[in-house]
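K.L.:
Listed below, chain by chain, are the residues.
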Amino acid sequence: MKPAPFAYHRPESRDEALDLLAEHADGAKVLAGGQSLVAAMNMRLARPARVVDINRIGEDTFAQDGDAFAVSALVRQSDLERSPAVRDAVPLLHEALPFVGHAQTRSRATLCGSLAHADPSAELPVVATALGARMECGSRRGTRTVAADEFFVSSFTTALEPDELLARALFPLRAARTGYAFAEFAERHGDYAIASAAAVLRLREDGAVDELRLVLGGVSDRPFVVDAHACAGRPLGEEAIETLAERAGRDIDPHSDLRGSAAYRRQLASVLSRRVLAAASLDARKEG
Amino acid sequence: MTSCESDERHAVEMTVDGRRIRRYVSPRLLLLDFLRTECGATGVHAGCEHGVCGACTVKVDGRVTRSCLMFAIQADGGAVETVASLGTRDALSPLQEAFRARHALQCGFCTPGILVSAQAFLDSEEHPDERSVREMLSGHLCRCTGYAPIVAAVLDAAAQRER
Numbered sequence: 000m001k002p003a004p005f006a007y008h009r010p011e012s013r014d015e016a017l018d019l020l021a022e023h024a025d026g027a028k029v030l031a032g033g034q035s036l037v038a039a040m041n042m043r044l045a046r047p048a049r050v051v052d053i054n055r056i057g058e059d060t061f062a063q064d065g066d067a068f069a070v071s072a073l074v075r076q077s078d079l080e081r082s083p084a085v086r087d088a089v090p091l092l093h094e095a096l097p098f099v100g101h102a103q104t105r106s107r108a109t110l111c112g113s114l115a116h117a118d119p120s121a122e123l124p125v126v127a128t129a130l131g132a133r134m135e136c137g138s139r140r141g142t143r144t145v146a147a148d149e150f151f152v153s154s155f156t157t158a159l160e161p162d163e164l165l166a167r168a169l170f171p172l173r174a175a176r177t178g179y180a181f182a183e184f185a186e187r188h189g190d191y192a193i194a195s196a197a198a199v200l201r202l203r204e205d206g207a208v209d210e211l212r213l214v215l216g217g218v219s220d221r222p223f224v225v226d227a228h229a230c231a232g233r234p235l236g237e238e239a240i241e242t243l244a245e246r247a248g249r250d251i252d253p254h255s256d257l258r259g260s261a262a263y264r265r266q267l268a269s270v271l272s273r274r275v276l277a278a279a280s281l282d283a284r285k286e287g
Numbered sequence: 000m001t002s003c004e005s006d007e008r009h010a011v012e013m014t015v016d017g018r019r020i021r022r023y024v025s026p027r028l029l030l031l032d033f034l035r036t037e038c039g040a041t042g043v044h045a046g047c048e049h050g051v052c053g054a055c056t057v058k059v060d061g062r063v064t065r066s067c068l069m070f071a072i073q074a075d076g077g078a079v080e081t082v083a084s085l086g087t088r089d090a091l092s093p094l095q096e097a098f099r100a101r102h103a104l105q106c107g108f109c110t111p112g113i114l115v116s117a118q119a120f121l122d123s124e125e126h127p128d129e130r131s132v133r134e135m136l137s138g139h140l141c142r143c144t145g146y147a148p149i150v151a152a153v154l155d156a157a158a159q160r161e162r
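Listed in order, the protein sequences are those of chains A and B.
Residue numbers are given in numbering that gives the first Met the number 0: position 155 of the first sequence equals residue 154, and the series is strictly consecutive.
Residue numbers are given in numbering that gives the first Met the number 0: position 129 of the second sequence equals residue 128, and the series is strictly consecutive.
Same shape as in the complex, but just chain A (with noise of 0.2 Å):
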């Protein structure tokens, strides 16, 4: 359970760190918080032959900047639990903070860094795609920003390139007449959930939904935006809920493991998204 040896390069700024990811795009790995890298490099999971270690490079800040939420490349995640700025601007991230791992990683454990691990299971990736969020890529090459929807691929695959680095995450903020909820199963708290949902309901002014995301994690390779286009234009009554929740135990193709048979991940995944959408409901009625 020892890493295998790498070369280690500690920044101390943005652009020392980009230049290094640019000089070195072929074997480099970004060390965060380092919760899951370190991890996976003590069981040899993962052999990268140079770290660019971050922690030093400032970028800790999150706020309100303009119309978004924005969270730097080394927010802790036990910094953002703590925010009242963040349960006032992005109440689903509160929400579902205290469910990423245990109080002794989120310590440690960057949010940018979880976005950018995009482990299937893990939960920040779902409330990024249910939200909408849009990821800062940083390089030498310049900054581009891409939509949630694109950035997360597949199982620990992001359309980050090798030379890029996740510089913040930009949330939109809580809107008027619009609820959010989260809810996951997991063996025990803190666990890798087998299977997670979240929903951001927006309403009309008459009471009908506007919008409606409700997004699943851990029951496919990257989070599962169902599709809920049939509920726009009327309100979401019970009976409307009860058919989103099966649709979405129906629509995923979920994978078995020791943890639960493809069969128990859709009946979770409808039973976490009836709850999440009647949460929803509450939550954006209660904004009034």
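Worth flagging that the hints you see were computed from the coordinates, not collected in a lab.
Honestly, I wouldn't trust all of these hints.
To be verified - Pair ranges (Cβ atoms, derived):
1. Asp60(B) <-> Ala62(A): 20 to 30 Å
2. Asp128(B) <-> Ala62(A): 49 to 59 Å
3. Glu204(A) <-> Cys47(B): 52 to 62 Å
4. Gly236(A) <-> Ala100(B): 47 to 57 Å
5. Ala10(B) <-> Asp25(A): 20 to 30 Å
6. Glu237(A) <-> Ser92(B): 50 to 60 Å
Just so we're clear, the structure is a prediction, and the values are computed from it rather than from any experiment.
Glycine is no exception: its CB is placed at the ideal position from the N, C-alpha and C atoms.
Got chain A; can you put chain B on it based on the hints?
P.N.:
Positioned in the frame of chain A, the structure of chain B alone reads:
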């Protein structure tokens, strides 16, 4: 910028439980192994070595950290606190005393990590309840006590503080 090739060693300097330590380390040396073998901090226990069991938990610059998920070279210039910073054999900390009174350990393997976590938890939570203690404890595995006495000990330490 700091760089170190895989076959080189780099000088690191840090304090471990207040003691200044200076050594040369290879990049791949885990903080866990550095603490145990280079600093004699054997209160830091090597369990699963992939961040699950919590036995190796320490504080680095005030943050609770799995020392198996950090490289020693990363802690350069920092301050590490292990279980040894809590109390001594002759003067246990109130939390350690509560663990003893509640029989919150049997084999003791998981205990140092739990003590470091629980102390950090008590330092940040003004009025902890059983639920929050259990949530904190979910980041640690104990195969002997069944957790109930550990929860009771942490709550005792919190209550004692309020008196």
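K.L.:
Each hint should be assessed against the structure and marked as holding or not.
P.N.:
Hint check results:
1. For the pair Asp60(B) and Ala62(A), the supplied restraint of 20 to 30 Å holds, since their beta-carbon distance comes to about 23 Å.
2. About 31 Å separates the C-beta atoms of Asp128(B) and Ala62(A), a value inconsistent with the hinted range of 49 to 59 Å.
3. For the hinted restraint 52 to 62 Å between Glu204(A) and Cys47(B), the CB-CB distance of approximately 54 Å keeps it satisfied.
4. Between Gly236(A) and Ala100(B) the beta carbons are some 56 Å apart, a value that agrees with the proposed interval 47 to 57 Å.
5. Between Ala10(B) and Asp25(A), the C-beta spacing of about 28 Å keeps the proposed range 20 to 30 Å intact.
6. At about 54 Å, the beta-carbon gap between Glu237(A) and Ser92(B) stays in the expected band of 50 to 60 Å.
In summary, the structure is inconsistent with hint 2 from the numbered list given earlier, while agreeing with all the others.
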